[in-house]
Amino acid sequence: MSSIAHDPTHGHEHDHHAHHPSGVMRWITTTNHKDIGSLYLWFSFIMFLAGGVMALTIRAELFQPGLQIVQPEFFNQLTTMHGLVMVFGAIMPAFVGFANWQIPLMIGAPDMAFARMNNWSFWLLPVAAILLMGSFLAPGGASAAGWTLYAPLSVQMGMGMDMLIFAVHIMGASSIMGAINIVTTILNMRAPGMTLMKMPLFCWTWLITAYLLIAVMPVLAGAVTMLLTDRHFGTSFFNAAGGGDPVLYQHVFWFFGHPEVYIMILPAFGIVSQIIPTFSRKPLFGYASMVYATSSIAILSFIVWAHHMFTTGMPAAGQLFFMYATMLIAVPTGVKVFNWVATMWKGSMTFETPMLFAVGFIFVFTMGGFTGLICAITPIDIQIQDTYYVVAHFHYVLVAGSLFAIFAGTYYWLPKWTGHMYDEGLGRLHFWASIIFFNITFFPMHFLGLAGMPRRIPDYALQFADFNAIATVGAFGFGLSQLIFLAAVLKCVKGGQRRPQRSGTVRTDSSGPCPRQRPTIPSKLHRLSSKRCWLTGGPPWTGDQTSAPR
Amino acid sequence: MVVAAVSVLIGIGFASQGAWLVLPFAGFEVAALALAFICYARHAADYERISLGAGQIEVEICDGDCVRCHRFSQSWVRLVVRDAPSETRLALQSRGQELEIGRHLDGANRRKLAGELGRWLRQAA
Numbered sequence: 002m003s004s005i006a007h008d009p010t011h012g013h014e015h016d017h018h019a020h021h022p023s024g025v026m027r028w029i030t031t032t033n034h035k036d037i038g039s040l041y042l043w044f045s046f047i048m049f050l051a052g053g054v055m056a057l058t059i060r061a062e063l064f065q066p067g068l069q070i071v072q073p074e075f076f077n078q079l080t081t082m083h084g085l086v087m088v089f090g091a092i093m094p095a096f097v098g099f100a101n102w103q104i105p106l107m108i109g110a111p112d113m114a115f116a117r118m119n120n121w122s123f124w125l126l127p128v129a130a131i132l133l134m135g136s137f138l139a140p141g142g143a144s145a146a147g148w149t150l151y152a153p154l155s156v157q158m159g160m161g162m163d164m165l166i167f168a169v170h171i172m173g174a175s176s177i178m179g180a181i182n183i184v185t186t187i188l189n190m191r192a193p194g195m196t197l198m199k200m201p202l203f204c205w206t207w208l209i210t211a212y213l214l215i216a217v218m219p220v221l222a223g224a225v226t227m228l229l230t231d232r233h234f235g236t237s238f239f240n241a242a243g244g245g246d247p248v249l250y251q252h253v254f255w256f257f258g259h260p261e262v263y264i265m266i267l268p269a270f271g272i273v274s275q276i277i278p279t280f281s282r283k284p285l286f287g288y289a290s291m292v293y294a295t296s297s298i299a300i301l302s303f304i305v306w307a308h309h310m311f312t313t314g315m316p317a318a319g320q321l322f323f324m325y326a327t328m329l330i331a332v333p334t335g336v337k338v339f340n341w342v343a344t345m346w347k348g349s350m351t352f353e354t355p356m357l358f359a360v361g362f363i364f365v366f367t368m369g370g371f372t373g374l375i376c377a378i379t380p381i382d383i384q385i386q387d388t389y390y391v392v393a394h395f396h397y398v399l400v401a402g403s404l405f406a407i408f409a410g411t412y413y414w415l416p417k418w419t420g421h422m423y424d425e426g427l428g429r430l431h432f433w434a435s436i437i438f439f440n441i442t443f444f445p446m447h448f449l450g451l452a453g454m455p456r457r458i459p460d461y462a463l464q465f466a467d468f469n470a471i472a473t474v475g476a477f478g479f480g481l482s483q484l485i486f487l488a489a490v491l492k493c494v495k496g497g498q499r500r501p502q503r504s505g506t507v508r509t510d511s512s513g514p515c516p517r518q519r520p521t522i523p524s525k526l527h528r529l530s531s532k533r534c535w536l537t538g539g540p541p542w543t544g545d546q547t548s549a550p551r
Numbered sequence: 165m166v167v168a169a170v171s172v173l174i175g176i177g178f179a180s181q182g183a184w185l186v187l188p189f190a191g192f193e194v195a196a197l198a199l200a201f202i203c204y205a206r207h208a209a210d211y212e213r214i215s216l217g218a219g220q221i222e223v224e225i226c227d228g229d230c231v232r233c234h235r236f237s238q239s240w241v242r243l244v245v246r247d248a249p250s251e252t253r254l255a256l257q258s259r260g261q262e263l264e265i266g267r268h269l270d271g272a273n274r275r276k277l278a279g280e281l282g283r284w285l286r287q288a289a
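Residue numbers (the working numbering), protein chains in the order written: chain A, 2 to 551; chain B, 165 to 289.
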């Protein structure tokens, strides 16, 4: 503690330096949106590696028919946990990390609206992750009911299932807090002149994603709570013997689950919509139509959930409704793909790593979209339900879609975050290795699914051996490729060439590198004209004392 | 309102099908969202105005609905800078009383305010 009035020498040496808490306390107590964004991104990468190790164990077991490496019970635990870890631990937190870093910068806000809640919503995640991963050590092991946790199987699991339910609750609370923060920030803290229709598209996609999260997270919380009460408190929501209905669980879960798919892809659309115009040297084609298409996708996502349940038995009218509603989603999605291609059309394109991943995203995600259309057609879906065709489809959408967009966004904004350029050679190597090995892994799964190989099995008939061997080789290649990404990021964080200011581009966000504590826009510290009066806080203000708040 | 209505309608829909536990979670969440908006709206226009007059320093603090004005004699006030582990805090101390200032500023701007205010106090001393 020091007193400036009594110590004339104090108070000058730090005037131009922000005070930085150091060590682990900086990260635990931070309310800085950039710090929290970095925490989210590193957390998601660690969970990505954890989920990746599970995936490689699964693929190693499936390298050839028979049981070689793991027991079937553990295999089922791995498939369950791989899905949950990747969805809730890797993809979703990564996008929240991007939101934390970029949204305040893009809309000109000094920080997120609720900075302390932002800190809390992140630090809930490691707790949930420990609970989730710790369930492997519980008696009976982790949940083996699949990431969808279908009843009645999930009602019969051991203690690992209870840990999972608690973890899902915590992660849901974290997501809701994050979503409330993003909605409040975007709606209330935009800089003067930044109207909603002038926002960068990434902000729009996150605003819509946050609304989706707010709408569906209570549904997931309700679903897993009903599982919990069925397991321990004598209720029979999903127990047919007690008058319940196991299919009701599927309705509840997928009412959450399908919008969840869009929660994982809409921010990816936003990232790609930032990158394509930059490297095409053209403004985004059809900005307004992109906004409306994103909104349409979000609204449609609420009326398609039962396309995951065509084989549970439903009236023909229901099947037709959900089939056509699902196919309808191709229209706004097609608008987006058309607009990205139109943006590139006659653009002065260059193919640095972010653009490679963005173009790779469009190419491979569109393939996943088309297989989604095939899955939407009821008679076909009844044939391929629970086969590797579905596994191939959603990995084309979530890996080549969401994950590639995360890579693209990381390479695109890493120079802004660190002040250094990433190694372009490593970035390109990462892209080409990823896209080649990704296709070696997942393309053969279409053939496996069409030939009838069911998902979530540790052993299979000999006829599936060749494609499984190819997929496993591809999976290990894809997994190892991610070490290139780690090397590129670490190299950039440690130093390297200073980031050049891009000129002639149409980036809408502010230029980097970005200091940890930057001048706020609008300024939070106003010096009045009398030179002897300060005004701090308050809404955007012009500097005229008569227009000051209150 | 639309978000709240959609969330509650979804909860009511599931309750009508027997899955009534969705509804309380929807209620909790809508309440949390409303609370967040109310909190933000209540404090969106908060400010501190620090005026240095003849022989006195006046701090006007608007906190939600409440506007308070604190006056300190220039001769009897001192600026205190506390370097806590996570942030720097500023306060004015006078005759055993203490008033925190610069609460709306980030660390860099708090330092800037401390520097300018400290210079003025030293000049006046």
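If you're looking for bench data, these hints aren't it; they were derived computationally from the structure.
Errors might be hidden in some of the hints.
Unchecked claim - Covered stretches of chain B (in silico footprint by chain A; criterion: 3 or more residues with CB under 8 Å from a CB of chain A, positions within the stretch not fixed):
no.	stretch
1	167-173
2	184-196
3	227-234
Said to hold, decoys possible - Below 27 Å or equal to it, Euclidean Cα-Cα: the simulated BS3-like pairs (lysine-lysine) are:
no.	chain 1	residue 1	chain 2	residue 2
4	A	K35	A	K495
5	B	K276	A	K199
6	B	K276	A	K492
7	A	K35	A	K492
8	A	K495	A	K199
9	A	K35	A	K417
The model shown is predicted, which means the values in this text are computed figures rather than measured ones.
The beta carbon of each residue, even a glycine, is placed where N, CA and C say it ideally should be.
Against the structure, the hints come out as follows:
1. Coverage of the stretch 167-173 of chain B by chain A holds in this model, with 3 residues showing a Cβ closer than 8 Å to a Cβ of that chain against a need of three.
2. By the rule of at least three residues with a Cβ nearer than 8 Å to a Cβ of chain A, the coverage given for the stretch 184-196 of chain B holds, with 9 such residues.
3. Under a criterion of three residues with beta carbons nearer than 8 Å to beta carbons of chain A, the stated coverage of the stretch 227-234 of chain B fails, only 1 such residues being counted.
4. Taken as a hint, the A/K35 and A/K495 pair is honoured in the structure, with Cα atoms around 17 Å apart against an allowance of 27 Å.
5. Only pairs whose Cα atoms come within 27 Å are accepted, and B/K276 paired with A/K199 is rejected, the gap being roughly 33 Å.
6. This hinted pair does not check out: B/K276 and A/K492 have alpha carbons roughly 34 Å apart, beyond 27 Å.
7. Restraint check: the Cα-Cα separation between A/K35 and A/K492 comes to about 19 Å, which is no more than 27 Å; the hinted pair holds.
8. A threshold of 27 Å between alpha carbons decides the hint, and for A/K495 with A/K199 the separation of about 35 Å lies outside it, so the pair is violated.
9. About 11 Å separates the Cα atoms of A/K35 and A/K417, which keeps this hinted pair within 27 Å; it holds.
Against the hints set out earlier in the document, violations occur for numbers 3, 5, 6 and 8.
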